[in-house]
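Chemist: Below, each chain spelled out in residue letters.
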Amino acid sequence: MSWRIFDKAFVGLTALAVLVVVAMIAVILGNVVINGWEQITWEFLSAQPRVGMTEGGIFPAIFGTVLLVLLMTIAGVPLGVCVAIYFSEYANRTGWLYRFTRQAVNNLAGVPSIVFGLFGLGFFVRFLGGAIDNTFYEGKLTYGQPALIWAALTMAVLTLPVVIVSVEEALRAVPQSFRDASLALGATRTQTTFRVVLPQAISGVLTGGILAVSRGAGEVAPILFVGAAYYLPHLPTKLNDQFMELGYHIFILSTQSPDVDATKPLLYATVFVLLALTFLLNLTAIAVRARLRVASGSAR
Amino acid sequence: MNQAATRDFPLLKTQVRETQQAPAATGTKIRIDGLTVHYGKRLAVDRVTLLVYRNLVTAIIGPSGCGKSTLLRSLNRMNDTIPGVITGGKVVLDDGDIYTPGTDLIHLRRRVGMVFQQPNPFPKSIYDNVAYGLRINGLVGSRAELDARVEKALRSAALWNEVKDRLQRNALQLSGGEQQRLCIARALAVQPEVLLMDEPASALDPVSTAKIEELMFELKADYTIVIVTHNMQQAARVSDFTAFMLNGSLVEFSPTAQLFTTPTDARTEAYITGRFG
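Chains Y and Z, in that order, give the protein sequences.
All residue numbers for the first sequence refer to this note's numbering, where the first residue is 1 and numbers rise by one.
All residue numbers for the second sequence refer to this note's numbering, where the first residue is 1 and numbers rise by one.
Honestly, the hints are just simulated from the structure, not real lab data.
Take these hints with a grain of salt, some might be off.
If we take Cβ atoms under 8 Å as the criterion, some of the chain Y residues that face chain Z in the derived model are [said to hold, decoys possible]:
1. 39
2. 102
3. 177
4. 178
5. 180
6. 185
7. 190
8. 198
9. 281
10. 282
List of simulated lysine to any residue pairs, SDA-like, C-alpha gap at most 25 Å [to be verified]:
11. Z:211 to Z:142
12. Z:90 to Z:149
13. Z:41 to Y:264
14. Z:41 to Y:35
15. Z:41 to Y:176
16. Z:41 to Z:95
17. Z:164 to Z:142
18. Z:41 to Y:140
19. Z:211 to Z:173
20. Z:41 to Y:69
21. Z:211 to Z:262
22. Y:264 to Y:24
23. Z:41 to Z:26
24. Y:238 to Y:96
25. Z:41 to Y:92
26. Z:220 to Z:173
27. Z:152 to Y:97
28. Y:264 to Y:100
29. Y:238 to Y:94
30. Z:41 to Y:258
31. Z:41 to Z:53
32. Z:41 to Z:54
33. Y:140 to Y:130
34. Z:220 to Z:247
35. Z:90 to Y:97
36. Z:41 to Y:238
37. Z:41 to Y:235
38. Z:41 to Y:100
39. Y:8 to Y:22
40. Z:41 to Y:95
A quick note: this is a predicted structure, and the numbers were derived from the prediction, not measured.
Note that the Cβ used here is the ideal one computed from N, Cα and C, for glycine as well.
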């Protein structure tokens with residue numbers, strides 16, 4: 001009898017937990033949408049900030065974010081996919097080398113993002129950038145300072161474990177029997193990977209890539225030291241330019257503004273835009289997956 | 001099964017069509033010599049020596065886990081794909097030991113094709129499935145030649161008439177039996193010399209099974225076939241020679257008619273009369 005009561009209570013408890021989570025999401029989203037929606041005008045999306053960021057728009061921050069995400073994707077996703085292919089298709093999974101590198105990737109995923117920022121500053125900006133300046137620019141400060149390229153690379157390193165893990169999972173989900181069939185026909189491992197495994201896993205690979213990117217798009221900590229700027233009168237045009245970024249812009253609006261009350265509506269609207277961009281990326285991932293599933297006609 | 005002369009197998013309680021008086025061994029295709037396979041520390045195949053004769057069907061029977069599939073997969077070195085597998089001894093195909101270091105696995109697997117237990121067509125069109133081996137090996141020069149080879153393979157697998165109007169349809173829409181015959185066609189397309197079949201009918205219904213068995217009679221003319229099966233009636237129906245394995249060792253290897261009527265080893269008799277396994 002008491003077990004039956006316990007059962008009911010436990011079901012109620014788990015349902016309550018779900019309710020709490022849903023309520024939190026509703027409060028966050030509702031608050032942002034209600035307060036931010038009104039502020040979204042064409043001017044807000046297309047203009048520069050003005051009057052100490054209490055007026056005007058956020059176009060440079062949107063532009064910088066999109067550019068950053070793009071460069072980060074180009075730098076990180078192909079590398080991550082290659083590592084995942086190696087792990088899933090070539091590595092001897094019982095060997096110590098695989099276990100060691102696999103563990104390294106897992107640990108990389110657990111490193112706090114601010115540490116990646118410091119790593120970016122130390123390795124990319126100071127070491128790599130400094131070396132480039134000394135070698136090609138006679139010591140003149142060109143790449144040895146915070147810049148778009150270094151921020152993109154730092155973000156690429158940050159998202160790398162996410163890409164690797166999700167792509168590897170997608171590749172592993174392809175049944176071994178397909179690989180066996182291909183190998184038994186005299187295909188090489190690489191032919192098998194490209195003609196059988198990747199086409200089967202492509203929706204998972206793309207989804208993993210996009211989700212990693214959308215995670216990276218919301219990160220602020222790693223780019224604090226390596227390229228994000230408080231305010232810039234010009235859009236970035238070169239790889240060694242600094243840039244404005246939505247997440248960082250939110251941080252500035254909420255902590256560095258000379259007039260907090262005046263920036264509040266802008267802050268809500270900026271958060272709204274950042275959330276919208278992230279959701280858009282996630283929606284793209286879902287759409288891509290659905291489309292490819294239909295196209296391949298596979299049961300999975 | 002058909003109207004040809006049948007032979008009684010009293011021990012098996014089944015009748016089997018008389019294929020030929022005594023299988024005329026026309027020469028050795030594969031000589032397995034002292035083959036040993038370890039999965040890590042576990043011994044899966046223990047010093048097996050047997051001959052696979054050209055243009056005949058050799059069946060390997062035995063209870064689950066006796067090493068028969070491992071033995072089969074060692075004939076095209078598919079065990080190499082499993083980490084931790086160590087193979088010792090020789091497998092001589094025609095004149096060359098396939099375990100000689102430096103053996104070209106791609107070439108080997110083109111000569112020794114394989115059909116698996118579960119039908120595993122690629123989630124591609126019927127046509128692309130059959131064309132796969134030809135394309136990756138660069139075996140054909142023109143589209144017309146490819147078309148011809150695909151048709152020939154599908155005809156050899158007795159599937160052409162069923163699928164000729166829907167070659168571009170996804171292979172996963174075929175029934176299980178059709179999928180397995182498609183896999184046979186896919187293996188035949190690269191024109192192997194030997195066809196390995198790992199319990200090819202165990203996932204199929206009786207009608208599809210009968211079709212596959214029928215097919216094996218026809219394929220024998222052009223190919224050397226090695227089939228692993230846990231179905232003794234099937235081994236008796238389709239094979240000329242049968243090897244019985246137990247716990248990784250070869251217990252008995254004889255002409256099929258002899259093994260199923262007058263087995264020399266007591267364990268073989270116990271197994272085929274259903275006393276264990």
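Chemist: What are the numbers of the hints that this structure violates, sorted from low to high?
Modeler: Violated: hints 1, 2, 7, 8, 9, 10, 11, 12, 13, 14, 16, 18, 20, 21, 23, 24, 26, 27, 28, 29, 30, 31, 32, 34, 35, 36, 37.
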